[in-house]
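Residue-level listing of the chains:
Number of protein chains: 4
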Amino acid sequence: MPKLKDLIDELVTANRILANEGIVDSFGHVSVRHPARKDRYLLSRARAPERIEAADIMEFTLEGDPIDTKKAKQFPPYTERFIHGAIYELRPDVQSVVHNHSPSTIPFGITDHKLKPLLHMCASIGHDVPLWDSHDKFGDTALLVNTMAMGRDLAKKLGKGRTALMRGHGAVVAGNSIRHVVFICNYLELNAKLQMQSMAMGKIKYLYPGEVDAVIARTGPYTLNRAWENWARRAGRPMKEMA
Amino acid sequence: MPKLKDLIDELVTANRILANEGIVDSFGHVSVRHPARKDRYLLSRARAPERIEAADIMEFTLEGDPIDTKKAKQFPPYTERFIHGAIYELRPDVQSVVHNHSPSTIPFGITDHKLKPLLHMCASIGHDVPLWDSHDKFGDTALLVNTMAMGRDLAKKLGKGRTALMRGHGAVVAGNSIRHVVFICNYLELNAKLQMQSMAMGKIKYLYPGEVDAVIARTGPYTLNRAWENWARRAGRPMKEMA
Amino acid sequence: MPKLKDLIDELVTANRILANEGIVDSFGHVSVRHPARKDRYLLSRARAPERIEAADIMEFTLEGDPIDTKKAKQFPPYTERFIHGAIYELRPDVQSVVHNHSPSTIPFGITDHKLKPLLHMCASIGHDVPLWDSHDKFGDTALLVNTMAMGRDLAKKLGKGRTALMRGHGAVVAGNSIRHVVFICNYLELNAKLQMQSMAMGKIKYLYPGEVDAVIARTGPYTLNRAWENWARRAGRPMKEMA
Amino acid sequence: MPKLKDLIDELVTANRILANEGIVDSFGHVSVRHPARKDRYLLSRARAPERIEAADIMEFTLEGDPIDTKKAKQFPPYTERFIHGAIYELRPDVQSVVHNHSPSTIPFGITDHKLKPLLHMCASIGHDVPLWDSHDKFGDTALLVNTMAMGRDLAKKLGKGRTALMRGHGAVVAGNSIRHVVFICNYLELNAKLQMQSMAMGKIKYLYPGEVDAVIARTGPYTLNRAWENWARRAGRPMKEMA
Numbered sequence: 010m011p012k013l014k015d016l017i018d019e020l021v022t023a024n025r026i027l028a029n030e031g032i033v034d035s036f037g038h039v040s041v042r043h044p045a046r047k048d049r050y051l052l053s054r055a056r057a058p059e060r061i062e063a064a065d066i067m068e069f070t071l072e073g074d075p076i077d078t079k080k081a082k083q084f085p086p087y088t089e090r091f092i093h094g095a096i097y098e099l100r101p102d103v104q105s106v107v108h109n110h111s112p113s114t115i116p117f118g119i120t121d122h123k124l125k126p127l128l129h130m131c132a133s134i135g136h137d138v139p140l141w142d143s144h145d146k147f148g149d150t151a152l153l154v155n156t157m158a159m160g161r162d163l164a165k166k167l168g169k170g171r172t173a174l175m176r177g178h179g180a181v182v183a184g185n186s187i188r189h190v191v192f193i194c195n196y197l198e199l200n201a202k203l204q205m206q207s208m209a210m211g212k213i214k215y216l217y218p219g220e221v222d223a224v225i226a227r228t229g230p231y232t233l234n235r236a237w238e239n240w241a242r243r244a245g246r247p248m249k250e251m252a
Numbered sequence: 010m011p012k013l014k015d016l017i018d019e020l021v022t023a024n025r026i027l028a029n030e031g032i033v034d035s036f037g038h039v040s041v042r043h044p045a046r047k048d049r050y051l052l053s054r055a056r057a058p059e060r061i062e063a064a065d066i067m068e069f070t071l072e073g074d075p076i077d078t079k080k081a082k083q084f085p086p087y088t089e090r091f092i093h094g095a096i097y098e099l100r101p102d103v104q105s106v107v108h109n110h111s112p113s114t115i116p117f118g119i120t121d122h123k124l125k126p127l128l129h130m131c132a133s134i135g136h137d138v139p140l141w142d143s144h145d146k147f148g149d150t151a152l153l154v155n156t157m158a159m160g161r162d163l164a165k166k167l168g169k170g171r172t173a174l175m176r177g178h179g180a181v182v183a184g185n186s187i188r189h190v191v192f193i194c195n196y197l198e199l200n201a202k203l204q205m206q207s208m209a210m211g212k213i214k215y216l217y218p219g220e221v222d223a224v225i226a227r228t229g230p231y232t233l234n235r236a237w238e239n240w241a242r243r244a245g246r247p248m249k250e251m252a
Numbered sequence: 010m011p012k013l014k015d016l017i018d019e020l021v022t023a024n025r026i027l028a029n030e031g032i033v034d035s036f037g038h039v040s041v042r043h044p045a046r047k048d049r050y051l052l053s054r055a056r057a058p059e060r061i062e063a064a065d066i067m068e069f070t071l072e073g074d075p076i077d078t079k080k081a082k083q084f085p086p087y088t089e090r091f092i093h094g095a096i097y098e099l100r101p102d103v104q105s106v107v108h109n110h111s112p113s114t115i116p117f118g119i120t121d122h123k124l125k126p127l128l129h130m131c132a133s134i135g136h137d138v139p140l141w142d143s144h145d146k147f148g149d150t151a152l153l154v155n156t157m158a159m160g161r162d163l164a165k166k167l168g169k170g171r172t173a174l175m176r177g178h179g180a181v182v183a184g185n186s187i188r189h190v191v192f193i194c195n196y197l198e199l200n201a202k203l204q205m206q207s208m209a210m211g212k213i214k215y216l217y218p219g220e221v222d223a224v225i226a227r228t229g230p231y232t233l234n235r236a237w238e239n240w241a242r243r244a245g246r247p248m249k250e251m252a
Numbered sequence: 010m011p012k013l014k015d016l017i018d019e020l021v022t023a024n025r026i027l028a029n030e031g032i033v034d035s036f037g038h039v040s041v042r043h044p045a046r047k048d049r050y051l052l053s054r055a056r057a058p059e060r061i062e063a064a065d066i067m068e069f070t071l072e073g074d075p076i077d078t079k080k081a082k083q084f085p086p087y088t089e090r091f092i093h094g095a096i097y098e099l100r101p102d103v104q105s106v107v108h109n110h111s112p113s114t115i116p117f118g119i120t121d122h123k124l125k126p127l128l129h130m131c132a133s134i135g136h137d138v139p140l141w142d143s144h145d146k147f148g149d150t151a152l153l154v155n156t157m158a159m160g161r162d163l164a165k166k167l168g169k170g171r172t173a174l175m176r177g178h179g180a181v182v183a184g185n186s187i188r189h190v191v192f193i194c195n196y197l198e199l200n201a202k203l204q205m206q207s208m209a210m211g212k213i214k215y216l217y218p219g220e221v222d223a224v225i226a227r228t229g230p231y232t233l234n235r236a237w238e239n240w241a242r243r244a245g246r247p248m249k250e251m252a
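Chains as they are written, first to last, in this note's numbering: chain A, 10 to 252; chain B, 10 to 252; chain C, 10 to 252; chain D, 10 to 252.
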């Protein structure tokens, strides 16, 4: 079990990487399940990912209540933190969650086209990417997932997968470590970009289902750490050995 | 009421952000209504936004006459400052105005497609974005809004909205603070880019009108300041607490 | 008449700007007519524009012969310098010439679509942009303009204009000063990019011919210097007062 | 024959250039044949190209066995090193090999469109670019070329050419020096990007076959070194005289 301090450090690096690689802009967030308490998670106060420091990270119950209520009063948490808790609640296997507005994924959330993996590096997004529309159940809202009810509905759409799109809003990514979700986020964006370009050219030969399974089966520390070291340094953060 | 010095500082930061985020190139400008005199506004001398310093900011009457005529002789003002005065004149609610050549909006000004919000962050552009064509009333010109007559005609097209396109030229954005117009500008560009990509894929599911209203209703300092801090630091400027 | 040293400095800055703005990559070049001898021009030795220093600039006759033959032996000149001499020979009004591989212009050289100005800033490219195909007269070559015969054929296609495309190769731009050609280059690239995007959306409303003339008539130092100051500083070069 | 130390230095620079120009991300690799032993090649341990140092370079037999087995245990080699050995084995003329996931080439590997040279700088990719599909012979795999059998099958598809695409995966490039393969990689990416844009506009006039031959015939140190100096410096590496 990693030390809490190291995990927080890793979470800060994740925020910086996602900003530096263009996956999040001033909004979007990444969390990690608390290593000692499965019913809590760690997430920054409401702040742009590119600016986040270790001191910004706070602890929340799965219902989204801050443990340090005094600090939460001074530094308001993200309105949409319920996304994280609802996914951790439904999915004991998930250790880290990202919500973003990854630009190339947006067109797939508002047109009739399914995102599907077409590049081996992108198989980690899963066999397909379901689409959640907040309007179906919740009607005219500001599209923000600001209640556990909305979070749970979104988590249900994610199901057993790793990725889901949100119509007119963005995406969620769930994985088994911080490095894992950052990896999936980067290749979800790339797959979306390449799929848009390929669709304009004609019929696409997507990965075979057996290929998707084979790639997922062998995506481990050897792969994740190589990318993490590179992205972390590009974002001005040192590489730590933790995986 | 903010101190004049702080407001000028905020205006300089706005120029740097718009340049750094690719919303303006060597041209385009942002102004703010004078906090103490509703019949005046503050705007830089004619200079690329990326280069503007506090000393470049000048004061103008709504008709576009510089208060410091001696300085204006040495440092000529923008030819198109009439855009700003005409909007402040028609719209007492407006406190800040931007004119830009935001690249992704240009195709919407010269083809038969309306820009419409498709992403929650972009609802701030308004329900739709009207198009002003200088040729309709003014015929063959250099397309520059260099008279109050042209400025007023453009302001009328903007109407009660926050955004309007100018055929073969660019866009105007009006809002209730400097941070507000910078926010709208960044998401107007993003909406235009995503709409072009989505149009190539098929029929688009735009935001529901009720969603647009809901997002606009809740876009306040919590949202604007988070983005501003991030953009300001990216542009090498410190975050100030002013909103 | 500017001092030779200042003009060389301006030429170095032009090279750096064109590289920094993505108009040239490791190839492409910009020249200026010699201020004292109308039958000569100044051009760098063969080197990537981003790397050029004042010491790299050499003097050539319009036929492309280096004045300093000893230096030319040590530092070979550009193979395609004949483009520059042939244009200066045919066009006494031209003071500066650029040859580039401006990326967005390439598709217009190899498909059946004419580049035409659609944005006021881009009117400087002229009413239309003719296309020169080296194959028409010279057959299978490496497409390089490495003789005066090829240079003159290209210059004839340019005619009285400011811009011409070269099929499968790039573009030439001619103007009345270094700042002028750099300005035209940047907005030729932008026009090409926006035209590609707009073509994908539908029928384009180009600038009216009278608008093109009106913009060209008023594009002088007020406009060119504002852009030049900005581009020069972005490229790490100081702004000089010379125009 | 270059000194081994200089060649290793050149190989490090190649890695940095390919990363800096966006040809490789955290994956992909470039090798060079050992100058003294034609049956060996030099390649980094498994690491992101942007991070590689001289100490990371290792020596391998053509079958992919590391010479320094102790070092290989501590620093695992690339899983796909077999690509390199198989090409060196089949092609005695080849001195350097790159495997990458060059983004714009991916759509050509998964749709029914052949990459073909359309710009003179891009003639080096060859008259056409064959496509290898690992599924044809090897079925459902993780698409990685992790055996000599797969490497040899891919090398056969490359044939006598310089470039081949790999369906849902990337590309290989083979050339007669490190600078040569880096040059081809950069212009393969550019050609793919321009071809996608041009295809959206209509029928493309590709280079004439005789033009392709003429360009290839004259692409030597004069051209390669100019680009190399520029790319090396951009990537923060000094230019060395070696070619």
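Hints may be right or wrong, so weigh each one.
Identical chains share a label here; the pair holds if one copy fits it or two copies do between them.
Once the Cα atoms are required to be at most 25 Å apart in a straight line, the calculated PhoX-like pairs of lysine-lysine come out as [said to hold, decoys possible]:
| id | residue 1 | residue 2 |
| --- | --- | --- |
| 1 | 125 | 79 |
| 2 | 212 | 82 |
| 3 | 165 | 47 |
| 4 | 249 | 79 |
| 5 | 212 | 166 |
| 6 | 214 | 79 |
| 7 | 146 | 214 |
| 8 | 80 | 123 |
| 9 | 125 | 214 |
| 10 | 14 | 80 |
| 11 | 14 | 146 |
| 12 | 80 | 146 |
| 13 | 14 | 125 |
| 14 | 165 | 214 |
| 15 | 212 | 12 |
| 16 | 202 | 214 |
| 17 | 212 | 125 |
| 18 | 202 | 125 |
| 19 | 165 | 125 |
| 20 | 165 | 80 |
| 21 | 12 | 169 |
| 22 | 202 | 123 |
| 23 | 169 | 125 |
| 24 | 146 | 212 |
| 25 | 214 | 14 |
| 26 | 82 | 249 |
| 27 | 80 | 249 |
| 28 | 214 | 123 |
Simulated from the structure, these hints should not be mistaken for lab results.
(message) Treating 25 Å as the Cα threshold, decide for residue 80 and residue 146: within, between, both or neither.
(response) neither (34 Å within a copy, 58 Å between copies)
(request) Can you give me the call for residue 165 and residue 80, within, between, both or neither, at a CA distance of at most 25 Å? (result) neither (31 Å within a copy, 48 Å between copies)
(request) Have a look at residue 80 and residue 249 and pick one of within, between, both or neither, based on CA distance no larger than 25 Å. (result) between (28 Å within a copy, 21 Å between copies)
(message) Within a copy, between copies, both or neither: which one fits residue 212 and residue 125 at a CA-CA cutoff of 25 Å?
(response) Cα proximity of residue 212 and residue 125: in one copy and across copies (13 Å, 19 Å).
(request) Evaluate residue 82 and residue 249 at a C-alpha cut-off of 25 Å and name the case that applies: within, between, both or neither. (result) Cα proximity of residue 82 and residue 249: across copies only (20 Å, versus 33 Å in one copy).
(message) Checking an output row: residue 202 and residue 123, CA cutoff 25 Å. Within, between, both or neither?
(response) Result: close both inside a copy and across copies, 13 Å intra and 20 Å inter.
(message) With identical chains, the pair residue 125 and residue 79 could be close in the same copy or across copies; at 25 Å between alpha carbons, which is it: within, between, both, or neither?
(response) neither (44 Å within a copy, 41 Å between copies)
(message) Treating 25 Å as the Cα threshold, decide for residue 12 and residue 169: within, between, both or neither.
(response) neither (28 Å within a copy, 55 Å between copies)
(request) Give the relationship of residue 80 and residue 123 under a CA distance limit of 25 Å: within one copy only, between copies only, both, or neither. (result) Answer is neither; intra-copy 42 Å and inter-copy 45 Å both fail.
(message) For residue 214 and residue 123, with the copy left unspecified, which applies at a CA distance of at most 25 Å: within, between, both, or neither?
(response) This pair counts as both: shortest intra-copy Cα distance 14 Å, inter-copy 14 Å.
(message) For residue 165 and residue 47, with the copy left unspecified, which applies at a CA distance of at most 25 Å: within, between, both, or neither?
(response) within (19 Å within a copy, 53 Å between copies)
(request) Up to 25 Å between alpha-carbons, please classify residue 125 paired with residue 214: within, between, both or neither. (result) Both ways: residue 125 and residue 214 sit 10 Å apart in one copy and 20 Å across, limit 25 Å.
Hint compliance for this structure: hints 1, 2, 6, 8, 11, 12, 13, 15, 20, 21 and 25 are broken, all remaining hints hold.
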